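Asks: Chain order of the listed sequences is L and S.
Its first residue numbered 1, the first sequence is counted upward by one per residue in our numbering.
Its first residue numbered 1001, the second sequence is counted upward by one per residue in our numbering.
A couple of the hints might just be wrong.
Pulled a few chain L residues facing chain S out of the computed Cβ check, cut under 8 angstroms [stated by the list, open to error]:
| no. | residue |
| --- | --- |
| 1 | A82 |
| 2 | S86 |
| 3 | A98 |
| 4 | L101 |
| 5 | M102 |
| 6 | V103 |
| 7 | V104 |
| 8 | H121 |
| 9 | V255 |
| 10 | V281 |
Derived by calculation from the structure, the hints in this document are not laboratory data.
What you are looking at is a predicted structure, and each value in this text was computed from that prediction instead of being measured.
Note that CB positions come from ideal geometry on N, CA and C, so glycine has one too.
One-letter residues, chain by chain:
Protein chains: 2
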Amino acid sequence: MSRPTIADIAQRAGVSKGAVSFALNGRPGVSDSTRQRILRVAEEMNWRPHSAARALGGARAGAVGLVLARPARTIGVEPFFAQLLSGLQAGLSAHAVALQLMVVEDTAAEVEVYRRWASEHRVDGFILVDLQLRDPRIEVLEELGLPTVVLGGPGRHGRLPAVWADDRAAMLSIVDYLAALGHRRIAHLAGLPAFQHTQRRIRALRDASRRLGLAEAVSVPTDFSDAEGAAATRALLARSPRPTAIVYDSDVMAVAGLGVAAEMGVSVPGELSVVSFDDSVLARIVHPALTALSRDTFALGEQVAGALLGAIADPSSAQDLKTATPRLTVRESTAPPGLGRLTKSV
Amino acid sequence: MSRPTIADIAQRAGVSKGAVSFALNGRPGVSDSTRQRILRVAEEMNWRPHSAARALGGARAGAVGLVLARPARTIGVEPFFAQLLSGLQAGLSAHAVALQLMVVEDTAAEVEVYRRWASEHRVDGFILVDLQLRDPRIEVLEELGLPTVVLGGPGRHGRLPAVWADDRAAMLSIVDYLAALGHRRIAHLAGLPAFQHTQRRIRALRDASRRLGLAEAVSVPTDFSDAEGAAATRALLARSPRPTAIVYDSDVMAVAGLGVAAEMGVSVPGELSVVSFDDSVLARIVHPALTALSRDTFALGEQVAGALLGAIADPSSAQDLKTATPRLTVRESTAPPGLGRLTKSV
DNA sequence: GCGATTCACTAAACCGGTCTAGCGACTGGG
DNA sequence: CCCAGTCGCTAGACCGGTTTAGTGAATCGC
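From just these sequences and the hints, can you work out the full model?
Replies: As structure tokens, this is what we get:
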């Protein structure tokens, strides 16, 4: 027999399909002795539920959806995503929930996938990332009515619950640290300006600079690619006076910036301090090792998974969850400004 | 109405459910005029198929499975996987097929997921990666009977079709290049010894060394982590005489090795040439940029996706597919040996 | 001791599609 | 003109579960 069904079990155990269903799902309606017998038979026949049949009856699909609207090639580049994915996986597989992943070209296609998956009952919920300034996806997801957890905030994300880290506080801690080292000219290589977190970081840096009486901080938007990171770094280092510290929104860009500094003969951390807003192996293994904001992205993924599973189990329980504020891990790429020239002149 | 079914469409169009099914699936059984009318009504009502209902009838699940047996945290670290995933995605989404991804602890758990997904009709096929020496998964997948494509080979993978690149030729090209530069002592930081491709690379290096009359090449197995990459590099550089070139099986380890060399005062490429068997942004952005084997991993993913979709459409058509042999991209991390000491002494 | 309630279980509807058997109308061949 | 074959469509079984209404027996309360 290729695949036993509950009808087979019912026949073998001498009961009805309904009784088998009750027994297998641990709900009342059968006596303990019958339940045990049914479970034993099911075990013997190596029965597994047919997910489609279950889903058809209106039950869970046993999967959640993650749709990314980015050029497919760039996904592999970002350690952040890979880490997040790992964490999500860990959180989901513990509850035998699978992750349906799809990478699409743009937001329009992304919305289309949400609609399709929802109407096909393919997933029980969604994870929404890369929150934009006025995000059209929120409205769609609210309308679809499937449990959804937003990664990012605080900010505009409608009635959808969010899991977020305090980006603002994190950026402030970086600026405080650099200012304490003596830096007065801090630059910022930001990410895509359409993203909410990019704007939050830019604003936090500007506010902190004013408060501490630093030179007006310059934030340069990029597309997160190593190419733009390198180009923007080149432009910044060509300025006069040039910044003594640069904060990078991603570690890929920070490493690219490190390369540019070496190429231009600017010593790190002697003449330029480098801070990455993202930590990963990358930040650890380059030389000099990068001072970076350690956000446990893996744990973040786990938390998002947990929040989503919670929202699926009980939609009314959903609420925002603030995760640990990222902490600065100081390595070798930061130092007081001017140290490089000083040692040289000595 | 929350979600129109084909029964709703049938009623509205004044036909039977069967006719609607025929029309929507483009199969004969209805006249052109009726078909047009049904399609128009379906469009108006914004109908979408219910994937579970379809799957229940024995049709496609519309998804393929990828199970990785690795510690979840390490997935994020490997650019290779992220790239592969991107490529798979691209190949699959073009045909509206989703990817079910699951990360598990070990091979036993992996096999269990295969069984579960197959019996739950959750996927139409599998992608098998990280081929091991005597791989127990192959037998299981053959027994399950679902179309499966193996990534890696040539070698033992039963009757399952494989997509593979010529690792041996690639390794030979690296050794030829290093030997032509004048290197005689080449070391190799390999991956997990249980993997087939690790053994193939080790063997290729040994064979090439003999053929070219080089010193016996030493291959050090690792777990692919940056930590072991660094430790093994330290051990190699402490030898006397130390190797003048090291080939790393992954770029993460190569970058870690670069760091160790800097820390030990060994100049790259002056005193040590470094080659990575994997190319990614990582190899491009570090300093010195790494000479690396460029395997278009994204394209590889696309090819695997294509092969699997083909095998699903027509299982008898499945056959092995050899992809382009990776080519060496020379950057700044390789040079003739002894150059470093030479320039220093001048 | 008798009606009411609980308990264990069965039969069958149901979810939303696919697919097959069959039926009436039309067409073509001899 | 009649029979066979094709066309266009319908009715209904079917996939493998869940869930509800219903049934017979045992138990309870008074």
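Asks: It remains to establish, for every hint, whether it holds in the given structure.
Replies: Hint check results:
{"no.": "1", "hint": "A82", "result": "holds (4 angstroms)"}
{"no.": "2", "hint": "S86", "result": "holds (4 angstroms)"}
{"no.": "3", "hint": "A98", "result": "holds (5 angstroms)"}
{"no.": "4", "hint": "L101", "result": "holds (5 angstroms)"}
{"no.": "5", "hint": "M102", "result": "holds (6 angstroms)"}
{"no.": "6", "hint": "V103", "result": "holds (4 angstroms)"}
{"no.": "7", "hint": "V104", "result": "holds (7 angstroms)"}
{"no.": "8", "hint": "H121", "result": "holds (5 angstroms)"}
{"no.": "9", "hint": "V255", "result": "holds (5 angstroms)"}
{"no.": "10", "hint": "V281", "result": "holds (5 angstroms)"}
Against the hints set out earlier in the document, no violation occurs for any number.
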